[in-house]
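**Q** The chain contents come next:
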Amino acid sequence: MSGSKEDDRKGSSEWRDFFWNPRTHELLGRTAASWGLILLFYLIFYLCLAGMFAFTMYILLLTLDDYKPTWQDRLATPGMMIRPKGNQLEITFSTSDTESWDGFIHNLNSFLSPYNDSYQVQTNDECTPDEYFIQEDSGEVRNNPKRSCQFNRTMLEECSGVLDRFYGYDKGQPCILIKLNRVIGMLPGKERQSPYVTCAAKREDSDKIGPLAYYPPNGTFNLMYYPYYGKKAQVNYTQPLVAVKFLNASLNTDINVECKVTSNTLAAGSDRDKFAGRVSFKLRINDK
Amino acid sequence: MGDKDDRSPKKKKGATKDMDDLKKEVPITEHKMSVEEVCRKFQTDVVQGLTNAKAAEFLLRDGPNALTPPPTTPEWVKFCRQLFGGFSILLWTGAILCFLAYAIQAATEDEPAGDNLYLGIVLTAVVVITGCFSYFQEAKSSKIMESFKNMVPQQALVIREGEKVQINAEEVVAGDLIEVKGGDRIPADIRVTSAHGCKVDNSSLTGESEPQSRSPDCTHDNPLETRNVAFFSTNCVEGTARGIVICTGDRTVMGRIATLTSGLETGKTPIAREIEHFIHIITGVAVFLGVTFFILAIILGYTWLEAVIFLIGIIVANVPEGLLATVTVCLTLTAKRMAKKNCLVKNLEAVETLGSTSTICSDKTGTLTQNRMTVAHMWFDNQIHEADTTEDQSGAAFDKSSVTWLSLSRVAALCNRAQFKAGQDSVSILKRDVAGDASESALLKCIELSCGSVRMMRDKNKKVAEIPFNSTNKYQLSVHETEDPNDNRYLLVMKGAPERILDRCSTIMLQGKEQPMDEEMKEAFQNAYMELGGLGERVLGFCHVLLPEDQYPKGFAFDTDDVNFQTDNLCFVGLISMIDPPRAAVPDAVGKCRSAGIKVIMVTGDHPITAKAIAKGVGIISEGNETVEDIAARLNIPVSQVNPRDAKACVIHGSDLKDLSQDQMDDILRNHTEIVFARTSPQQKLIIVEGCQRLGAIVAVTGDGVNDSPALKKADIGVAMGISGSDVSKQAADMILLDDNFASIVTGVEEGRLIFDNLKKSIAYTLTSNIPEITPFLFFIIVNIPLPLGTITILCIDLGTDMVPAISLAYEAAESDIMKRQPRNPARDKLVNERLISIAYGQIGMIQALGGFFAYFVILAENGFLPSQLVGIRLNWDDRSLNDLEDSYGQQWTYEQRKIVEFTCHTAFFVSIVVVQWADLIICKTRRNSVFQQGMKNKILIFGLFEETALAAFLSYCPGMDVALRMYPLKPTWWFCAFPYSFLIFVYDEARKLILRRNPGGWVEKETYY
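Respectively, the protein sequence lines represent chains A and B. Read in order, the letters of the first sequence correspond to residues 1 to 288 in full-length UniProt numbering. Read in order, the letters of the second sequence correspond to residues 1 to 1010 in full-length UniProt numbering.
Treat the hints as calculated values from the structure; they're not laboratory data. Ideal Cβ placement from N, Cα and C applies to all residues, glycine included. One or more hints might be untrue.
What the hints assert, rightly or not - Mimicking DSS-like on lysine-lysine, the simulated pairs with C-alpha atoms at most 25 Å apart in a straight line are:
hint, chain 1, residue 1, chain 2, residue 2
1, A, 274, B, 899
2, A, 260, B, 164
3, B, 341, B, 592
4, B, 939, B, 340
5, B, 899, A, 68
6, B, 899, A, 85
7, A, 231, B, 899
8, B, 971, A, 68
Said to hold, decoys possible - In silico contact screen, one side only, chain B against chain A (beta carbon under 10 Å); selected entries:
hint, residue
9, 110
10, 895
11, 980
The following block holds chain B by itself, in its conformation from the complex (with noise of 0.2 Å):
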């Protein structure tokens, strides 16, 4: 023990060294080097490439250029676990016993009585059984997710002694060069040497949604953000690029964050430590009684054999067995109707994690938002007029009749290189994939959707000319004929960053007429600018001119590398800008998450503006709460006098984040209520996660990038998109979001809750039943009756009547709206608690354990055995050579008859049990209403209460029963003896609920309020 406990410590400080240095940002330098000093660095050569020798070397050296896989538990480390844990120790002990006893009795007597061996294997038995279903269901939740870990093997295109090869990405080795072209995934960490119209989609790394063009410039200092360097695992979209490779395998940032993702150490789901504390409890409870009464025997005079014997009933009679796998299966079911609502749940367990969560740190991108860049806002006419920016296209409409408007959308329709891909117009439009970047795309579907055919406006106005967006002139123009056949003039359309389109304009078109661009209009003009753009939105302008016929008659040749034709003195059109809106459900969620008590916090890659107003769209900063910067603006103050207190909100810069001290963060998570946080790294989003955690916070997170897979994994549920999650981010999740909707998270919430006070009440009833199980041995062993409830029966209660009800119990709707109330604090609101106890055990279960004796006391007297001649009858009534007991009317019985009597009463006693558990299973449905409040509607339940009667039925008539079991016909009016105390547990628990509503708060609550 000291000695593993010495150890621990010091391995872990050595894999937390590791760690804290994955946590630091990306040590890459080589964006900063010139393209030779790579070559350089790499014994390289930027034309030829390495040789294959040096390729060959280096690949030795470094290794294949994959990830690790995550270490996996071997299979039977996975069974074995099942196998010993929980309850089975105690269980194994019980049946580890049981053969001890049968070898001792093999050995001293004759004919050895079996029950022990066979006691013995049906214990054994009932262990293995419940761990191969614990086991299967493990395997089976587990299986999902084989299918994301198939990755096809991926080839590259290297440059080895200046022949271009076909290789396999796992042989790509550090320095060499790499070609890779639109469509291709990028093999490992380029630094980019040429490249010609390349773009490289990073969402899954930095989880911007934009293309981002690469260039062999370096044009920042963090390497993620510069331009020539491209990702391992990206992909390239479009375009080519020629570059040196400077990392593989593990060490690029891929793999680096792969690393760091399976090094994370995961906490215990809360209903795993729930139901370890619950176990903790009730072998504490068994070892208790166990060993006291074991002790007691033993002083009692009884022999070691005798003894243990009791200790073995004691320990079955303590354990639910069934209990573990009612938990299982209800935590299954509760799987199963997640998925449906689109919630896939990979780990069983994470199940009620999101109900207990009470923070998600959300992300935006694509969960928040639709992940589609759409047209928001228009500016013409000196007006912004507002797009319909949701899903179904059912929000309002603008005024679609200016003369305006209809120039506007030419601007937009022409100037535009995106068009819909072929063959797809049976789909609505906004669902119809594009070729063409984002904002472009959302031009052509708003165009389309209110102007009609985009392609037939272009038909009409054939491209003469085009000169495509560059990022020094930031404009896209080009030349078109006119629709009107007559009109020989040429069209000259443009759109780029506002102010560069205004300072190429003289006059601005209102209501359709030219009007001379004044100091007002310009005014107006940077006032919407700037509202637009405080929207977080993406912002274009947009101008055209006739071109004067002639200047530039028919055929004039237009040259657009060397511009031959007017670019200035146009006439402005309007602005359009565009947003990644928020997904129409996800308000409502956050507000459903919010009176649920709920801290929202948004986490994302993406700019603090655009971050913010999207925050607001949803409500994760709610209307009327400012940030410390809206404060000061509206007060008119430096940000630096504003009390931080006053802030509700606040929104967080990557940058910023970066510099804060612990307290400073735990300060920030604890003063806001709502936070956002922007341009954050994996690392950050990780060291955001496990703030919230320090703060005692289960939290959950949303994301579907590499770049989230850290914090998924270190949160305590992690829940990944399923339509456009990475794998990586699946494989580290718990639960995958099949429809990308955060407003899915809410059902989550909701079905996690339930579960949780559901397995409460399910609990509550397996327990119950333990103390009529238990109190016959104890009082066997102390006041010597003939045993009233044999192990075998307890196993058929444990194992078989009370399976289906309780698991019914999972099926039971909501007492009261579970949304409305705060996330339960893990350290006082526990799964089973002395109140519950002292419920199950104290109270319903003494009324059950009287039932049960009655009826034992009813058999036996009424075939002659009184309850005052029963008291230390035992030594002679288990006398097996003793056939002539004579009982209290004089008849003499056999050994074997009167044992016949006694299993009669196990099987009465067993029978009660039944007769009580349907009072027991009635009054567990509800913890506060009456069930006169709740009903009876859950039809699971209702066949539970048949289907334990018909399985009792069963035991006790079926033929062959009494050598099988040892359980024989009861005569019809033993079932009866149970119901007066079955009545009396629905009267009693219906008068302490009656209490507990009229009086809230009052002792009874305090007391018995589980």
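The shape of chain A in the complex, shown without the other chains (with noise of 0.2 Å):
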């Protein structure tokens, strides 16, 4: 017994030599300049390997174009996406509470700021309807910046906030908006054929939704506003919305709802995402 004891002492005046042995100088088994010289190395080491890094990253960041990504492909099926934006996308409010529905009325303020016809018309060109607002560059020569198409907010009537200060939201009849996500360059329709947005409820809600308001008519993002050139060459770029406005929703219950974009050109999205080409949301309006 009393050997293990020793050897406990003998482990622990081991460790403390490690530590720091006073007959040599060792701090963690080094002296002064043997952790000096490897410290050195290492520092030397790292710096060089950061210059080398930092020279792939400056070959990389050569080889990018700065209007267009090198790739594309993963974003074959825009992504949709509503606004207001709540949590977890659940729309929920009552109609007699203001406050349940005033985060979301701000929120809609705020978005549609850029969207005022006074501002629209100062930035923004008035384009031919259904045809694409083709600028392309010649070779070279860069046709910057690009402009854009108006999209004013009153297009969007009743869901503009200008004739309803409170987008239906204390009546019962809520505007949702909807946005395509920007793709550089793409074309989401042919044939004069404007994509256009239809919302229905997911099955055993489809007796609750009522009907349905597009705004603007049809839920079109009109032909006008593609193709995008990003936020480099195209500035002022206003992003086409659809507002969806529920006339008579079932209320105290909750309704799972579901739009969907129809285009001519793009590809369905995969089943594994549920935001491209389609947005899925819970509304639920309670009276009291």
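From the two separate chains plus the hints, produce the assembled complex.
**A** Okay, here's the thing in structure tokens:
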């Protein structure tokens, strides 16, 4: 038994010696010079590595185009998104409780502020509808900055927030804005057919959803807003919107709504991605 | 903890006391008692035996006459040990954390992501599969031993109540009167009461190869040496004997040795210690990093759940999951290779032990020698002639034309009762089985080889009378008719102890002519006898005489009981000496061991002179080295005046060893490089092994007998003999030499050293990829970038692409002559040392990580997310409800779209690791030499390179992998991202090795040579 204790003591003194050996002036088994040398080595080594990494990154950046990413194959089907964006894509509110939809109103107001007619007229062009607004570069000469088409807030009519300050939330007829994700160079339709949005309830909720109204009419994203040239070339690009107004949705119940874009050029999204070419959200309107 | 500490030493103390008791010599006293006293002691009768009632009573009291089998570990305990040993605990922690995280997610979220559950299952599967794998490997190697265990139930002939009954040997009790005959195995320790030409083979107990006669008389105080005790499990070779059982079961001498053996605690094998050390390092790093980042994550404001997930990731990245399996496979491969070279390895870890061995304690008989008496020298015509002792008769022949030799060979052939067993005409003479004792067989074979058929010679010279050898006469004679049918004289031939033979001779044959035996010739005889005896050989004298026809006419009735014929005034023909000669390959093997820095110690039960002669013959005592006695003889001074430090060699007798203190023992082992222990008992062998181990040596012991088994068990590696070895010794050993040849050990040492070097390389290779596995997590947590490498891809590297290349390094050829360097010092030369970690983690690993990160940045940038935008993006990136995340070009991404890009990054990072591991594999081939010196001859390694690449391509491009493992196809260009880094690794390491070679002992070597 005494043996093991002795061993313990020996062991701990070994550790202490390893940590700081006063005889040889070794800290963690190395002298100051030894530490200095190894640290210097690693410093230089890592500096060289950093240099190498910086160099390869520099080469990478040289190969990149400023206006268009090298690959876009993952964006074949553009995503869709709604506004206002509630928590986890749930729009739940009570018509009578102002506070419950106040946040949505703010969200929509701030989202729509760049769409104000005055601003749009000031910065953007009026374009020919149902035609792509093509602004090609001529060879090496960039045709920049590229102009954008006007999307006026008033085009959303009932859902513009101009006529109805509360976007129908106070009356239980809420407006939801739908937008198609920006993808550089995407051409969402051919033969003057603009893509359009349709919304429907998921199976068991189909009787609860009631009639819908789309703004602009037919819920189209007009072709004149395409193609998109990227944030660097087309600084003032205005993303087209579609507003959906639930005119008589059932109260006090969850309604699972799915909105889809229909286009004759865009590929249908995969099943795995719930937001490619479609968007799902839950709507619940309480009356109290 | 404290409780445990308190208890274990006490327990140990009790156990050590028992062990010390067992280490003492055998306490049998019955051999000194008279038969009557023995009978009285056991309440038995020398004629009638025990009564059945008494026998039953004793059986109840003492238990059955069988050895208690050594306690075996239950299979499930072994399995659990595999399941929870090594890294398993860490991985279990990871798996449990995964399940916990999933449970929390399932409880708090509506649609919990299956990732954690999935990962938990994968981790559990990994642990269980590697556990099963190691378990079956172990079980397979221990299965080999099952075959040795089966002993046929044995019968014994006992006399009870005056009747002879065959009973099961297990039912024999002390006091039983027992009868044994030639061919029987002795069922218990027996005090012999009567014997008729009984000889027993004690070789398995004492190591003496010669059968020994048994008689009722006490001839020695030591029970092991006395004639009147026969021991359990030795064999009766010829004759019959009756005796009273004095000990049964575990109380027999053999039983005590067996108990001693199974009671010995064996330390861990050196490689097991190394692996444990390495696991400690890795676990330490993993726990340290894991806990640090767990705390950091909490401080940085991550949720508990996220912090736990980070912890899992860090653990998974840190643990080289496949490494232990790789090590097992490498060891198995080497074990297989060794089995081909006649070293059968019972315990996988023992593969490497021979490589680190610094001392070999070798048994003499059968290992160093051929275990076959062979004629070595002859003296006739006043000249010593050397016979050929090699196994294949390739040695020099002597002059066979002398007439004296013809006479000598005739005497040797005729005065010889040995004969070849029938039906062996096709077998070479040396390999034929002979009925008869060892020295007569040796003579028979020698004559058969040099003079042709002995049987024809005997047929021509019909035997008329014979007096067999007995210990009072010390000679053997026979009378024969002569070859010449016209010559009616009888030929008397005699052989025996040389001095006795000489006394009976008045003449001596020189060049075929009889000459009177004068003083000069007697002195010549003495010198020759001394010289041959000094070589450790057994010398026999031969003489003959043609009996005068007038006194002994044809048909004379020779009476052998009451000798009625002339037995003196004979003609001395010559001496023949025999020895069990060393195996041909042994001197070379001993030399190789010595140049490999391994000390070879001979430990034998044989006589010191024989032992020393063989030791000199095989080079254990090398030429020019003297023992204290030699110096004393040369300088003609008493032994006590010689400074023991002057003698490098020494021969120590077992009886001296008994009186040595521990310090003296250490002193001998430390100061003599060439040591021979003679006349050692099993207990002393154990003490010698313990002495060597006390001095820090890693000891290999070779042996075949039961007497060797405690030493075999205690040794770091016990090597048993496959052909001559007893079951008990094979049981106790870790390795079995199938050809009984010491030279095979050298192969073992070489393979062991090679595998140690190669395991180092293999571990260096595997550990390197840990850094590119950990760094993604660290950056993910600290700078909030999308995760560059996922846990699944980490497992793909550790258990997929890294496996075959790591194993292929086991096939790597040695860089230099590994048999020319000293054995590794287990205290200093670790398998995994700080230099290996520094290279693998600090240098190569870092370059690899940069290669991976570069690929990651390339993919994100080419998809639209420039590096500058990535820092801090993590929160939005991982937000499932954010489906319009904007990239650097203004495009918007859904969650799934950007996750696909992220998983493509994981795939690219994975592929990049494969690419940089190419270079790592090539640089790990060598530790000092350049690849250009070493060459690319390792075909398995080349296969490994292609295999890992193919596997990586498969994982990336196989349809369905996006769902199964979330790995996505890569654009061809992305494969090349890591190429510059791969090239850099190769160039950097070649440069390092160049400096290392140019500047031996310099800073680079001190800091980076692992």
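**Q** Give a verdict on every hint.
**A** Okay, the hints, checked on the actual structure:
1. Using a Cα cut-off of 25 Å, the hinted pair residue 274(A) and residue 899(B) holds, with the two alpha carbons roughly 13 Å apart.
2. Restraint check for residue 260(A) and residue 164(B): not satisfied, since their Cα atoms lie roughly 103 Å apart, outside the 25 Å limit.
3. Between residue 341(B) and residue 592(B) the CA atoms are separated by roughly 17 Å; this keeps the pair inside 25 Å, and the hint holds.
4. In summary, the hint linking residue 939(B) to residue 340(B) is supported, as the alpha carbons are separated by about 20 Å, within the 25 Å threshold.
5. With a C-alpha separation of about 20 Å, the suggested pair residue 899(B) and residue 68(A) falls inside the 25 Å cut-off, and the hint holds.
6. Note on residue 899(B) and residue 85(A): the hinted pairing holds, with a Cα-Cα distance of about 21 Å set against a maximum of 25 Å.
7. The hinted pair formed by residue 231(A) and residue 899(B) meets the criterion: a straight-line CA distance of about 22 Å does not exceed 25 Å.
8. Among the hinted pairs, residue 971(B) with residue 68(A) is consistent with the structure: their alpha-carbon atoms are about 18 Å apart, no more than 25 Å.
9. A distance limit of 10 Å between C-beta atoms decides the matter here; for residue 110(B) the minimum to chain A is near 9 Å, and the interface restraint holds.
10. Taking 10 Å as the C-beta contact cut-off toward chain A, the hint placing residue 895(B) at the interface holds, the least distance being around 7 Å.
11. The criterion of a C-beta within 10 Å of any C-beta in chain A is met by residue 980(B), whose closest approach is roughly 6 Å, and the hint holds.
In this structure, the one hint that does not hold is number 2.
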